[in-house]
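**Student:** Keeping their order, the protein sequence lines are chains U and V. Numbering-wise, the working numbering puts 120 at position 120 of the first sequence, and it's gapless, one number per residue. Numbering-wise, the working numbering puts 34 at position 34 of the second sequence, and it's gapless, one number per residue.
No lab work stands behind these hints: they were computed from the structure. Watch out, some of these pointers could steer you wrong.
To be verified - Quick partial rundown of chain U residues pointing at chain V, CB under 7 Å, derived from the structure: (1) A92; (2) G169; (3) E197; (4) E200; (5) D201; (6) L202; (7) A204; (8) D205; (9) V214; (10) L215.
Stated by the list, open to error - Calculated lysine-lysine pairs in the DSBU-like style (CA-CA distance at most 35 Å, straight line): (11) V/K116 / V/K79; (12) V/K124 / U/K190; (13) V/K175 / V/K186; (14) V/K186 / V/K172; (15) U/K190 / V/K186; (16) V/K79 / V/K124; (17) U/K190 / V/K133; (18) V/K182 / V/K124; (19) U/K190 / V/K109; (20) U/K190 / V/K79; (21) V/K116 / V/K303.
To be verified - Facing chain V, according to a computed beta carbon distance under 7 Å, are these residues of chain U, among others: (22) G37; (23) S39; (24) A40; (25) V189; (26) V191; (27) G203.
Here a beta-carbon is modelled for each residue, glycine too, at the ideal position from N, C-alpha and C.
The residues making up each chain are set out below.
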Amino acid sequence: MRLRWLAYPYVLWTVVFTVAPLLLVAWFAFTAVQPDGSSAFTLDGFRSIVAGDRVPLDLLGLQEVFGLTVGVPLYVNVFVKSLQIALLSTLACLLFGYPAAYLLARRRARQRGGTDLLLLLFVIPMWMNALLRTYAWLALLEPNGIVNTVLAAVGLPKGQFLYNDFGIGLGMVYNYLPFMVLPIYSVLVKVDRSLVEAAEDLGADRRRVFTRVVLPLSMPGVMSGVNMVFMPAMTTFLIPNLLGGGRYMLIGNVIERQYMIARDWTTASALSIVLLVFVLASMRFMTRYEKGNEGGGVLL
Amino acid sequence: MAEGTRPILELVGVNKSYGDTQVLTDISFPIRSNEFITLLGPSGCGKTTTLRILAGFERPDSGDVLFEGASLLDVPPFKRRLNTVFQRYALFPHLDVFENVAFGLRLRKTPEAEVKARVAAALKTVDLDGYGKRWVDQLSGGQMQRVAIARAIVNGPEILLLDEPLGALDLKMRKEMQIELKDMQKRLGITFVYVTHDQEEALTMSDTVVVMREGVIQQVGSPTDVYNEPRNAFVADFIGESNILPARMEKDFEIAFAGHRFACVDRRRAEADVDVVVRPEDIVLAPPVEGGLNGVVTSVVFKGVHYEMIVECDGTEWMVHSTDQAAEGDRAALVFGPEDIHVMDRSPFSPDAHGILPADLAGRAARASADEGDPDR
Ligand SMILES: Nc1ncnc2c1ncn2[C@@H]1O[C@H](COP(=O)(O)OP(=O)(O)OP(=O)(O)O)[C@@H](O)[C@H]1O
Ligand SMILES: [Mg+2]
Numbered sequence: 001m002r003l004r005w006l007a008y009p010y011v012l013w014t015v016v017f018t019v020a021p022l023l024l025v026a027w028f029a030f031t032a033v034q035p036d037g038s039s040a041f042t043l044d045g046f047r048s049i050v051a052g053d054r055v056p057l058d059l060l061g062l063q064e065v066f067g068l069t070v071g072v073p074l075y076v077n078v079f080v081k082s083l084q085i086a087l088l089s090t091l092a093c094l095l096f097g098y099p100a101a102y103l104l105a106r107r108r109a110r111q112r113g114g115t116d117l118l119l120l121l122f123v124i125p126m127w128m129n130a131l132l133r134t135y136a137w138l139a140l141l142e143p144n145g146i147v148n149t150v151l152a153a154v155g156l157p158k159g160q161f162l163y164n165d166f167g168i169g170l171g172m173v174y175n176y177l178p179f180m181v182l183p184i185y186s187v188l189v190k191v192d193r194s195l196v197e198a199a200e201d202l203g204a205d206r207r208r209v210f211t212r213v214v215l216p217l218s219m220p221g222v223m224s225g226v227n228m229v230f231m232p233a234m235t236t237f238l239i240p241n242l243l244g245g246g247r248y249m250l251i252g253n254v255i256e257r258q259y260m261i262a263r264d265w266t267t268a269s270a271l272s273i274v275l276l277v278f279v280l281a282s283m284r285f286m287t288r289y290e291k292g293n294e295g296g297g298v299l300l
Numbered sequence: 001m002a003e004g005t006r007p008i009l010e011l012v013g014v015n016k017s018y019g020d021t022q023v024l025t026d027i028s029f030p031i032r033s034n035e036f037i038t039l040l041g042p043s044g045c046g047k048t049t050t051l052r053i054l055a056g057f058e059r060p061d062s063g064d065v066l067f068e069g070a071s072l073l074d075v076p077p078f079k080r081r082l083n084t085v086f087q088r089y090a091l092f093p094h095l096d097v098f099e100n101v102a103f104g105l106r107l108r109k110t111p112e113a114e115v116k117a118r119v120a121a122a123l124k125t126v127d128l129d130g131y132g133k134r135w136v137d138q139l140s141g142g143q144m145q146r147v148a149i150a151r152a153i154v155n156g157p158e159i160l161l162l163d164e165p166l167g168a169l170d171l172k173m174r175k176e177m178q179i180e181l182k183d184m185q186k187r188l189g190i191t192f193v194y195v196t197h198d199q200e201e202a203l204t205m206s207d208t209v210v211v212m213r214e215g216v217i218q219q220v221g222s223p224t225d226v227y228n229e230p231r232n233a234f235v236a237d238f239i240g241e242s243n244i245l246p247a248r249m250e251k252d253f254e255i256a257f258a259g260h261r262f263a264c265v266d267r268r269r270a271e272a273d274v275d276v277v278v279r280p281e282d283i284v285l286a287p288p289v290e291g292g293l294n295g296v297v298t299s300v301v302f303k304g305v306h307y308e309m310i311v312e313c314d315g316t317e318w319m320v321h322s323t324d325q326a327a328e329g330d331r332a333a334l335v336f337g338p339e340d341i342h343v344m345d346r347s348p349f350s351p352d353a354h355g356i357l358p359a360d361l362a363g364r365a366a367r368a369s370a371d372e373g374d375p376d377r
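Use the sequences and the hints to build the structure in full.
**Tutor:** As C-alpha cells, this is what we get:
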C-alpha cells in the first residue's frame, strides 16, 4: 500500500492518452463550429446518424428478405454491415483458431520446452506492420494478382477476391487470427494434464474429456480471443480502405473519411462515441457470461 | 485374511523406465478381490508409477497387467473398472464440489435424483456435507483431498486406487479417515490398492503390504509378517524402529552378535553370515550383570506412551522403548529373549559391524519421513 505512488505515472499516462482524447471526442461530438469561429452545443452529429438517405438494409449481402426491403439510414446500414462482417470474421477466426491452438498446445505438451517452430510461424505475422501485411495480401488477391495468375495458369476461372464482403472477411481473418490463437493457446497449455487423466479415470472418452474438461477450462482464452478479434474487426479502417478499393464502407473507414475528407468532426465524433459504447457493451456482455473471468485478461 | 481368494488384478514382471532411469524392476504381485493392499516405500520408489500402470496412464516397457486373468494393457483408462484418488487431487477447477463428485455419475447418465443422493452420501462420508456449492479453490488441502476421495468412491468401483489419500490431513482427521476408509472397504467389498510411505498407516490398515525400494519389491506379506519376519535389513528398518546388526550363525538355535552369544529360535541357514533385528519394544533394561550386554544410557526422549532410549554398548547404539524411565548416564543391561531375535539373510542393506546401516539406506529412510505430508509425485 505504501507503494501506491508507483501507480501515479500510470494514472498520468491514462489521463493524457486515454481520458483526454476521449473527452476531446465527446467535446467535438456535442459541438459545432459556428461561422464566427466559436463553438456551440449541438446534437446535429447524432441526428445525422439516424437522418440521412434511406437505403435498403443489407443482411449478409441480401437486401431483400422474403421480398421485403427495410429502409434504414445510411449510417445505420453501415453499422449493421460492419457488425455482420466483424461477427462472421470472429466466428471464422474461432473456428480456425481453436483447432490450431489445440494442436499447438498438444505439440507443446509433447515436446516440453523449447520453441515451437509452428507457433513461431503463427506469431511472426503479428510482428509485422499491419499495413505491410495487408499490402502483401493485396498482391496475392488482386484481380491480376498471384492467386489469379496461378488459377489462370491451371485453366481455372479467375476469382474476385477483393472489393467485396468475402475479400474483406478474408483480410480480417488473416490479420486477426493470431489474436484468437494466442490467448486460447496460452490457456490450453496451462490445462493440467492430470485433470485430463482424472476425467479419463472417471470414465470419459476423448470426446467427453474435451467437451467436459478441456473446452470449459479454455473458455477464458476463447473469451479474450473473441474480444481481441471482435474489437479491431468492428472498428478497423485499414482493412476496408485497402482491400475495399475505396468503394467499400465499414463503420471504421466511414468515421475516418468523415474526419479526414469530409472534415465533419461533429458527425465523426458522434459516430465514434456510438461505436465505442457499442463495443464496450458487447465486451461487457461477453465477459459477464464467464465465471469469475479468470485469466481472460479482459477487464470490465 | 484375503488369502485364497482369486486375484482380481495382477502385475506380472512389470518393468518401466523413464529415459535412462529404471523406475520399476520386475514388479509382480497379485491383488486379491476385496483385499486391502498397500504399496509402501520411501519417496521416489515407484509407488505412484505402479498405480499409474494399473490405472492405464502409463504403459509398462515389459510385463503385463491382468484383470481377472486377461491383459489390461490395451484397455484405455476410461474403460477400466477402477477409480483413482490422485496424489495431487486433480480436482476440476471449473466445477464446484458437487459437480466434481458427480462427474463420473453424469458420464454414465445417472438419473438426477440418484446423482443428488449419491453425491450427498459421498460428501457425508468424507465429512463435507454442505460443501457442495463451494468452488474447489476455496477449499483447504485436506478438504480437497477428501473431495478427491468422494469423487472416486461415489462411483462404487470394484477397485479403488488411492495414492497417499490422507497425506494432507492432520493426525486426528487422518485417523478418522483411516477408520472410515477401512470400514468402507469392508462394507462395500471394494478392493483397495493403497499407497503410503507411512509405515504405521500401512500396518494398521492393510491385509497385505508390498514393501518397495527403488523400484524393486523387497517383501510382500501381511502386516505381521513384514513386521515380525522382515526379509532383509531394509524392510526391518523401514517398517518401524529397529536394531539391526550383522550376526553369525554357526549352528541351529544359536547366534552370535554384538560380541555375545544368544539362544534363538531359528535353524542355521545356508550362509553363516546373517543379519538380526531386535525391536526396541522387545528389549528390557535391567541392572548390569557380569557377562551380559551392558551399556550406558546416552539419551532419553519421552514419546507420549513410552520412553525412547539410546543405550551404547561397546560402540553400538541400541534403541530401547520402555514405559519405565531410565536416566542418562545410567548403566544397564539389555535383556531380550530368544523369540525376540529375528534372523534375516544378508542383503545389500546390511549394517556394518557397529549396526550402522549403509548411508544410502539411512538417507532414503530419512528422506521418506521428511517428505511426509508433502504431496509431490
Ligand atoms: N514422467 C516422469 N518422467 C521421468 N521420471 C519420472 C516420471 N514420473 C516419475 N519419475 C521418476 O520415477 C521415480 C518413481 O516415481 P514415483 O512417482 O512412482 O514415486 P513414488 O513412490 O510415488 O514417490 P512419492 O512417495 O514421493 O510420491 C522417481 O525417481 C521419479 O523421479
Ligand atoms: Mg507418489
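**Student:** The structure should be examined with respect to each hint, and the outcome stated for every one.
**Tutor:** Comparing the hints with the structure gives:
| no. | hint | in the structure |
| --- | --- | --- |
| 1 | A92 | 26 Å, violated |
| 2 | G169 | 32 Å, violated |
| 3 | E197 | 5 Å, holds |
| 4 | E200 | 4 Å, holds |
| 5 | D201 | 5 Å, holds |
| 6 | L202 | 4 Å, holds |
| 7 | A204 | 6 Å, holds |
| 8 | D205 | 5 Å, holds |
| 9 | V214 | 10 Å, violated |
| 10 | L215 | 10 Å, violated |
| 11 | V/K116 / V/K79 | 24 Å, holds |
| 12 | V/K124 / U/K190 | 33 Å, holds |
| 13 | V/K175 / V/K186 | 17 Å, holds |
| 14 | V/K186 / V/K172 | 21 Å, holds |
| 15 | U/K190 / V/K186 | 40 Å, violated |
| 16 | V/K79 / V/K124 | 28 Å, holds |
| 17 | U/K190 / V/K133 | 25 Å, holds |
| 18 | V/K182 / V/K124 | 16 Å, holds |
| 19 | U/K190 / V/K109 | 29 Å, holds |
| 20 | U/K190 / V/K79 | 26 Å, holds |
| 21 | V/K116 / V/K303 | 46 Å, violated |
| 22 | G37 | 60 Å, violated |
| 23 | S39 | 53 Å, violated |
| 24 | A40 | 55 Å, violated |
| 25 | V189 | 16 Å, violated |
| 26 | V191 | 10 Å, violated |
| 27 | G203 | 5 Å, holds |
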